[in-house]
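Enquirer: Use these hints to put chain F onto chain B, whose structure you have.
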Amino acid sequence: MQSSTWGFAVVEMVHLLGLALLGGSVLVIDLSLLGFGLRGVKKSQVVRGLTPVFRLSLVVMLVTGVLLLSEEALKCYYSPAFRLKILALALAVPLSWALHRQALRNGGTDDATSKVKLAAAVSLALWLCVGVAGRAIGFI
Amino acid sequence: MFFHLCQWLFDSALGTSIRESTYVFPLIETLHVLAITVLVGTVAILDLRLWGAVLKGEKVTTVARQLLPLTWAGFALVLSSGVLLFIAEAAKLYSNPAFRLKLLFLVLVGLNPLVFHFTIYRSVDQWDEAVVTPARARLAGAVSLSLWAGIIVAGRAIAYFH
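One line per chain: the protein sequences are B and F, in this order. Going by this note's numbering, the first sequence opens with residue 60, and the numbers climb by one from there. Going by this note's numbering, the second sequence opens with residue 579, and the numbers climb by one from there.
If we strip away everything but chain B, and leave its shape as in the complex, we get (with noise of 0.2 Å):
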């Protein structure tokens, strides 16, 4: 991939196509979990409507973030950008998966604890912080 300019770039786009699935789906179950969007739906239904398109995007990010990592990998090591994007990550997808988890077993029961809503605030922030960081790594 190295000597491919075009090569990179496909990539670079499907990781960028992945994104948006990701972000959009993170965002709508995240505020769903906080108590906005969605209203008179299950926040359960909007879970278990919603992880289809989280996990099948997730994956493509992973795949497609491997690949370019593969050409660039020397200089993602010395990027701090990219040191905060795979922390921040780390955090993220085990936040990510627990809440959903834990949403989906409270099928029943609608009204989020602080606790949840603390969780979902924070898996936000993270997921942002990737975002950020990950845009970074192409300036710093």
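Hints are computed from structural coordinates only; laboratory data are not their basis. As the structure is a prediction and not an experimental result, all values here were calculated from the model. Treat the hints with caution; some may be incorrect.
[Unchecked claim] One side of the interface only, derived from the structure: several residues of chain B facing chain F at Cβ under 7 Å:
no.: 1; residue: Gly-82
no.: 2; residue: Gly-108
no.: 3; residue: Phe-198
By construction, the Cβ of each residue, glycine as well, lies at the ideal position given by its N, Cα and C atoms.
Expert: What follows is chain F alone, placed relative to chain B:
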């Protein structure tokens, strides 16, 4: 004529200061990318609902009404950050084939919901709870998904044509 306008924007104080600053241009670009995820991510959820791929049990109108504020917020941010980025790079973008393609897709993607709303969406009461919506609604969803994907791809490609 358009080129002179682009050159004028490019040379303007605003355009020059954005272009030449170390932080402002990357910051606006980051905001642009994140706002795209809000805009396209929420549009995609509605498009996928029209195909019965996500949120099958929810009414189309429920999904549409609840997502719309997020979609519009994303749109406002994408548009304003996009205009600022354009002003900073206008003279270069004028002749950039990827940018021209992106603009064409943007016009088409704007027409799509207009057509959708004034045609098949008028009868939404009849298929609001359908898992898989009528063919024309699904067509609108497919066109929207394809065009937005094209816009993201063309947008990223702008940087490869400099």
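Enquirer: Looking back at the hints listed earlier, which ones does the structure fail to meet?
Expert: Violated: none.
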